[in-house]
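Peer 1: The listed protein sequences correspond, in order, to chains C and F. Just so we're aligned: 132 in my numbering is position 132 of the first sequence, and the numbers increase by one with no gaps anywhere. Just so we're aligned: 66 in my numbering is position 66 of the second sequence, and the numbers increase by one with no gaps anywhere.
Mixed in with the good hints, there may be bad ones.
[Unchecked claim] Stretches of chain F that chain C covers, calculated by requiring three or more beta carbons in the stretch to come under 8 Å of a beta carbon on chain C: (1) 32-41; (2) 56-69.
[What the hints assert, rightly or not] Result set (BS3-like, lysine-lysine): computed pairs, CA atoms no more than 30 Å apart in a straight line: (3) C:LYS128 x F:LYS70; (4) C:LYS128 x F:LYS57; (5) F:LYS47 x C:LYS182; (6) C:LYS26 x C:LYS95.
To be clear, the hints were calculated from the coordinates, so they are not data collected in a lab. This one's a predicted model, so the numbers in the text were calculated from it and none came from an experiment. A virtual CB, placed ideally from N, CA and C, is assigned to each residue, including glycine.
Here are the chains, one letter per residue:
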Amino acid sequence: MEAVVRTGDTNRPVEPGTVQSAAWDKTGFGAVYSEHVAAIYYLALRMLGDPEQAEDATHDIFLRAFRNYGEFRGESAVRTWLYRIAINHCRNLLKSWHSRTMVTESDPGFWERAATVPDTPFRILEMKELGQQIQRALDMLPEEYRLLLLLVANEKLSYEEVADLTGQTIDAVRGKLHRARKAFAAAFASTH
Amino acid sequence: MEENSQSPKATRGTRQEQHLRQEETTAQKTSAVEFQTAEELIRHDAKSTPPPEGLEKRVKESVEREAVSKRRWWHRFLGC
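So that you can see chain F by itself, here it is in the shape it has in the complex (with noise of 0.2 Å):
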């Protein structure tokens, strides 16, 4: 009785909707991406997952702290 009382215009307005759901569920269908073995899969994922932009920051300065300790060897074995 329900759909009776909707109107054409809503009616038509839900197979609208409907018709651009199986498109895009059609459209999902021919985009998926397909992977013949998990050494691909981890691949493309390894490959979209890049280090955390801040980490190379702390590396260098952590890197260069190393280095300080090290410094006053440095200096005698170069002499200056």
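Pulled out of the complex, with its shape left as it was, chain C reads as follows (with noise of 0.2 Å):
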């Protein structure tokens, strides 16, 4: 197994065999990380809206994961329980920072815009910046849409696991990505 005697991505010397270096693959917790950390990675990085505070985040899931690894029985796929760690630890971060700005359901004006947006097509000429446009318009949404729109956009998580993620109904999980999406549209449209 490569892996288990590769070092040269570390700066620490791993002795081949030892059994530091081969719980990272023993374990299958490289092939979890390998298979998951893109998802997580950018669910944190749209949650928390800071590459660099999603990096540290995105660190400190995988690792209260692998903590609990040996823990996990497999009563749910390994996605969602990554999913369960990630939306905590990014709630507790968001709870503790108390500093950002958000729109909330408490300015009526930006739901009576979001209500009268059509349903057209997001039509991207610059590509560019798209991700800080996307960035700028999840901020203005609640949390509970923000998230919605996440987990749905991943199309490895079903319905039936995002209403398990977000502890509601599966009809009220259509309900409310509905308006989730006007919401992201006005919120979109804005950042012009």
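Got two chains here, each in a separate frame; can you build the complex from them with the hints?
Peer 2: Quick look at the structure:
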């Protein structure tokens, strides 16, 4: 197993076959990381809105997952298990920051605009700043809508899993998703 | 008056620039990408947002350190 003995991407020498270097591969956690890191990092990035914070958060999420990996019974998919850890971690960070300014449902002007936004496709001319535009739009949404859109955007998560992760019924997810789409469209339009 | 003072060559140059700009604008319009829903847009963004390169190294090192702390337990368990 190459990764067991490979030390090139770490500055610390690791003896081949030692327990600590084997942990990544022998436990299967390395494969779990490789498969899910992109989705978890993106979720953290768009929930927290800051690349450095998202990197730190992703590190902490996977470390927490590793600590509990032995207790993971496989009752749910690894994906939803990881997502649950990620959502809780990001929520805790957001709660502790108190510094982000978001438009909430108490802003009637925003929601009036959102309700009247027609269901037209998003026509993107300039892809360069698309990520920043999406971030600005997501930042304007209530956390519930933001999370819902980010979860539903992941094709590998079923509506049932999204409902489970957000603690609501599938019907509630569908209903809120409709409003979240409208709100996002209005917010996205305002970022131009 | 200023326009009249321009040489024919300069005027032609300006027209060519305008024409090029128009072509660019047209090309941009035709190359616009459409996303039907917010999820499609976000999905596209996710695919073009890879995790930072150094992240795997960080996580791997932390996992290894974490494993070291469990090592004695493993050794006892495995009897080695």
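Peer 1: Please go over all the hints and tell whether each is borne out by the structure.
Peer 2: Verification of the supplied hints:
1. Only residues whose C-beta sits within less than 8 Å of a C-beta in chain C count toward coverage, and the stretch 32-41 of chain F has 10 of them, enough to reach three; the restraint holds.
2. With a cut-off of 8 Å between beta carbons, the stretch 56-69 of chain F has 13 residues touching chain C; three or more are needed, and the interface restraint holds.
3. About 46 Å separates the Cα atoms of C:LYS128 and F:LYS70, which puts this hinted pair outside 30 Å; it is violated.
4. For the suggested pair C:LYS128 and F:LYS57, the alpha carbons sit about 28 Å apart, so the restraint of at most 30 Å is met.
5. Proposed proximity of F:LYS47 and C:LYS182 is supported: the alpha carbons are some 23 Å apart, at most 30 Å.
6. Distance restraint check for C:LYS26 and C:LYS95: the Cα-Cα separation of roughly 36 Å exceeds the 30 Å cut-off, and the hinted pair is therefore not satisfied.
Hint compliance for this structure: hints 3 and 6 are broken, all remaining hints hold.
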